[in-house]
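**Q** So you can see what is in the structure, the chains are spelled out below.
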Amino acid sequence: MAGGQAMTARRIDARARFLPVGDTAFAVEFGDRIDPAINALVHRTAALLAEARPEGLVETVPSFRSLLVHYDPLRTSAQALQAFIGALELEDEAGQAPPRIWRIPVLYGGEAGPDLTEVAAATGLSAAEVIALHAGTLYRVYVQGFLPGFAYLGDLPEALDLPRRTSPRVRVPPGSVAIAQRMSGIYPVESPGGWHLIGNTPLRFFDPARTPPTLFTPGDGVRFVPVGADEHAAIREDVAQGRFVPDVEGAPA
Amino acid sequence: MSPSLHILQPGPQTTVQDLGRHGFQAYGVPVCGALDGPALRLANALVGNEAGCAGLEIRLSGPTFEVIGGPARLALAGAQAAIEVTVGDETRRYGAWRALDVPEGARVRLGALTGSGCAVLALAGGVDVPLVLGSRATDLKGGFGGNEGRALAAGDRLPLGEWAAQGPCLELPAPPRASGEVTLRAVRGPQADAFTEAALDAFFATPYRVSREADRMGMRLEGPPLAFRNSADIVSDGIATGAIQVPGSGLPIVLLADHQTIGGYAKIATVISADLPLAGRLLPGALIRFRAVTVGEGEEARRVREAEIARLIASLAPVREGARIDEAALYHANLISGVVTGQESG
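Protein chains in written order, with full-length UniProt numbering: chain A, 1 to 253; chain B, 1 to 346.
These are computed hints drawn from the structure, not numbers from a lab.
Using N, Cα and C, we set each Cβ at its ideal position, and we do this for glycine too.
Incorrect hints may have been included.
Stated by the list, open to error - The calculated label-pair distances, taken between Cβ atoms and stated as ranges, are:
| id | chain 1 | residue 1 | chain 2 | residue 2 | range |
| --- | --- | --- | --- | --- | --- |
| 1 | B | A198 | A | A233 | 57 to 63 Å |
| 2 | B | R157 | A | E89 | 42 to 48 Å |
| 3 | A | A209 | B | E104 | 32 to 38 Å |
| 4 | A | E249 | B | R311 | 58 to 64 Å |
Using the sequences and the hints given, assemble the complete structure.
**A** The following block contains the structure:
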C-alpha cells in the first residue's frame, strides 16, 4: 500500500477489513498506522460513498486509517452495505500534492504559546529553532474531529516529537497552536487539552452558521507563518469584523 | 401569535433536543439529540407533532415555566413526574404520557422524575429555536444549537412553533414499563481483540455500576478493571453512540449522545441502538449487565423496537373523560409503575 505504485485500482475488500461497531455502524479499516497513503484511501472512500449514496447510508466519519460508516438498519444491513462498499475500486493516490495550502499566521511563545520554552528544553532546541522547525513544515490535514473543527495536522518533524503533557490543561484558549506526538493542531474552541501550546492564531476554524462549518478539508495542506504581536492583533480585529480572508497558496490544478 | 415559554426555574439540566444533528461528524460535530429518542417521538405524537420536532429534555427534575402569548399543548414522556398546572389560584396535577392543554398565563411546574434519569417534554408546534447545521439539538460542549448552545436558565424565553388544536388531547393507554434488571445488549468490537480473553469474558459476565461521572457525553462504569493484551491506546478512529471505550484504567465508559466524534481508546463493544435509550435513562448507582449479540441480532432487535414504538403511537387515544383524578398522586402511591429501572439494587 506504499506510494510508488500509483494508479493501481483495487477493490476495497482487498484493501480493507470491516470491523463491527454495533448495529448502526461499521468501520472500514485500511491499516493500523498514521500514513498519508492510508489516510488518502479513507478520504477517497468517503468521497466515493458521498457520490454513490447507497440505500440506508447515513453518514461517514473519516479518521486516520479507517472510515466509520453509519447506516440505518431499517433500510439496509451491515452485510448488504459491506458487500456494496467492498466491490468499489480505489486507486492509490499517494504522492499527490495537496489541492490547496492554507497559510496560518501564528504568534509564537509568550502568553500565546506558554509551553514554547518547555518544548525547547525538552527537545534540546532553542525556542527560535522550535519555531523554525514548526513553521518550516508543510502539514497535511489528516482528520477533523474530537472537537468541532479540530484538525490533526501531520507530520510534525521528528525533532519536535513529544508525548502529551502529563497533566492536561482544564482550559485551552481558542486559536492555540499545539503539538503532541507527531501532530500539530489548533484548538478551534475553548476546551480541555493535553497538547503543548506553542503559539496562537487569530483565525477561526469552525463556524456552525456555515456549510461546511470548518475552514479546512481533509487532504488540505497547512503552513504556519510566524507573525508579531501587532500583526496578530490586527488580524484578530479583521477576523472579528469579518473582513479577513485567509491566505491560500496557489493550487496546482 | 405563537406562544412562548418563560422559564422561571430551569431544573438541573434542561436542554432543547431533537433527534440529533446528523451529517457533520466528519467535521468533528457530535450528533447530540435526545438521550431517549423514543420518548421524544412518543411525546411529539401525543401533542400532534412530527416525530423530530424539538422538545425539552429534562434531567432529574423541573422546569417551572409560564406559558405566554397563547395557549400551549404539552406532554411528558420517558419518565413519570407530577405536572402541576396553576391557573389563577387553582392548581391541578397531571401525570406523564398524556397531552394536556394549558391556557395563556398558566404556570407549569414539573416535579422530580421517577423511573428514569431523563424525560422529554414535547410542546405542540415544537420548540422553535433556529436550526443550526440542520438540527435544533443543543451542543453543550460546542456551545451552539438549541437555546444559545446551553441548558435553560431562569429568565429564558423559548419560542414555540405555531400550532392549532386539532382534536382532543391524547394519552398513551399502556405506558411502557421495564423490568428491574437492566441488561444492555452489545456487539463485540471494533477493538475487542485489544483485550485479553479473560477480560472479554468478565465484561459480559460481571455486573457494572454506573458511577457519578455520568452525563450526556457518557457514563463511566465501576466494576472489575479489564486487562489489555498490550495497551489501551489505538490510532484514533470514529466513535459510534453506544461505543464502550476503555481507557488505561480498564474501567469502561459507555458513550452517549454528546460523545466526541473520534477517540484514541480501544472500544470493547457497542451497545445496540434498540437498547441505547435504556442506557440514556440510567442514573448513578444503577447496576447493569452486558449481553453479547451479533450485528444481525442487533439489527433485528432494532426492527422489533421500532415496531413496538409504532404500536405505542398507534395506540394513542383521546384522554378518557372523567379521568379528572389526581394522576400524580396515583403514581406516588405506586399503583402505576414507571418506565424503568436500574435503581433497585442501589
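**Q** Among the hints numbered above, which are violated by the structure, and what are their numbers in rising order?
**A** 2
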